[in-house]
Amino acid sequence: MFISIIAASSGVVLFYHWCRLFRKRNEAISLTEKQIAELVHKVRKAAFVAFAFQLLLVFSYSSFGAASIVCVFAVIIQSQIQMGLEKYLRGVKASYLSSLVLDLRAIAAILFLFFLYFIVTHFSFNGIRAFESTLNPGWFSFLFSKIVTFTVIIFALLVIAAASPVFVRIMFPSNRITESELILILTECFKKAGLKIPIFHSLETDKHKNFNALICGFSWMPGPFKQTLFFNRALAELLSSTEFEAIMLHEVSHIKLQHITKRAFFAAISVMVLVVPLLGALFFASTFYPQHIPPIVMGVVMFSIFLQIFLLRRQVRYHEMQADHYAVTELGAEKEAMASALIRLTNLNGSLVDRKDPNSLYNAAAAHPSVEERIKIIENPVLPRWAIISDLFSGKLRYVTVAALLLPVAAVGWGSYKILVSHDYKSGHNQISRAPAGEK
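Counted from 1, the sequence shown has number 400 at position 400 by my numbering; the numbering is strictly sequential.
Where hints are given, some of them may not hold.
Here are the simulated lysine-lysine pairs, BS3-like style, with alpha carbons at most 30 Å apart [what the hints assert, rightly or not]:
hint, residue 1, residue 2
1, Lys87, Lys207
2, Lys226, Lys209
3, Lys34, Lys207
4, Lys209, Lys42
No wet-lab data here; the hints were simulated from the structure.
Modelling step: build the complete structure from the supplied sequences, incorporating the hints.
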């Protein structure tokens, strides 16, 4: 416990001093909007490293106890330090208390999703086990259990997708849109695509300089779970009428192209990316290093989680580009308005328009493609049939992909081989020991 407090505190102190030096170096300097975005980008990279350090500490413990809770508090403190520096650079007027409340809301929202996922999978798997107990052991029961397990994962992820409007309301303060003029503009956007009209909510995060637009949920869900379009009301004033319409049509395109359902299915498949290396690690660890199983397994789990994020976010980035394309070519959004709206929205959030090296490992974990990539797709909207698969082998990401494919296979192969050799040796030894004295 004492060592974990020292380690977590060291990470916080180092990050604090880095932020302090970074701020002092850039004080009293007149900066352009792009220069501010570049500085914020550097801060977020450093914060990502600090977060990864605390995550490593959490996974280094064999069980989630008091030491892990210390690391969670360290992450919250680091996020406040990061927000403080970003507020200074971007001129954000939100207080430290409101920033802390926003962080706590995010934690509460994530816990809500974990609880929902646990409830769905817990009761589903209990029912499956009860049914499996009535089946005779064999290939049918084996295949049945695997297929049903995969189905339960998909179902749980679809439940989470259905509950996402509640998740967003927990994470961000929001109010229902009441302005008739704004409702009319939004209604026309959905009518263009022939879709049902969702609920419209305004995100009250303007003082944090956090501007966004997103749509989540399903139209057939009732009450607070009904499909909801969230956006900052200020966007209607900060963007031109054609730019605002282009952003809203982009969100409409996500629903028309059924991206929410597709992401749930892809997320279920990517879970398998987590399971396969874990099985390989268990084989390998139990054979060679049985006394060190927890650290080895945790290491593989961490690697798999990061790979899963890369795969899923890569899929999300292609969905973003497809939505841009569909909004322009099918729903009538102007190309120039879409391009300028993306640039303006990126600048408002203090992000870089031209992120360097889109194939870098850091950008591989980004939820959205760079604005330059999106504008190219708007101008030349043809995506290759196997774009997602081929892109996994491009740039620096190919090293992660190859490692993800080879390491689990090698671990399972070596582990299986050693287990078989050990089994044959034990069988032969037992036969020799049981043989009559004259036959030895």
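Check the structure against each numbered hint from earlier and tell me which ones fail, lowest number first. When the structure is compared with the hints, none of them turns out to be violated.
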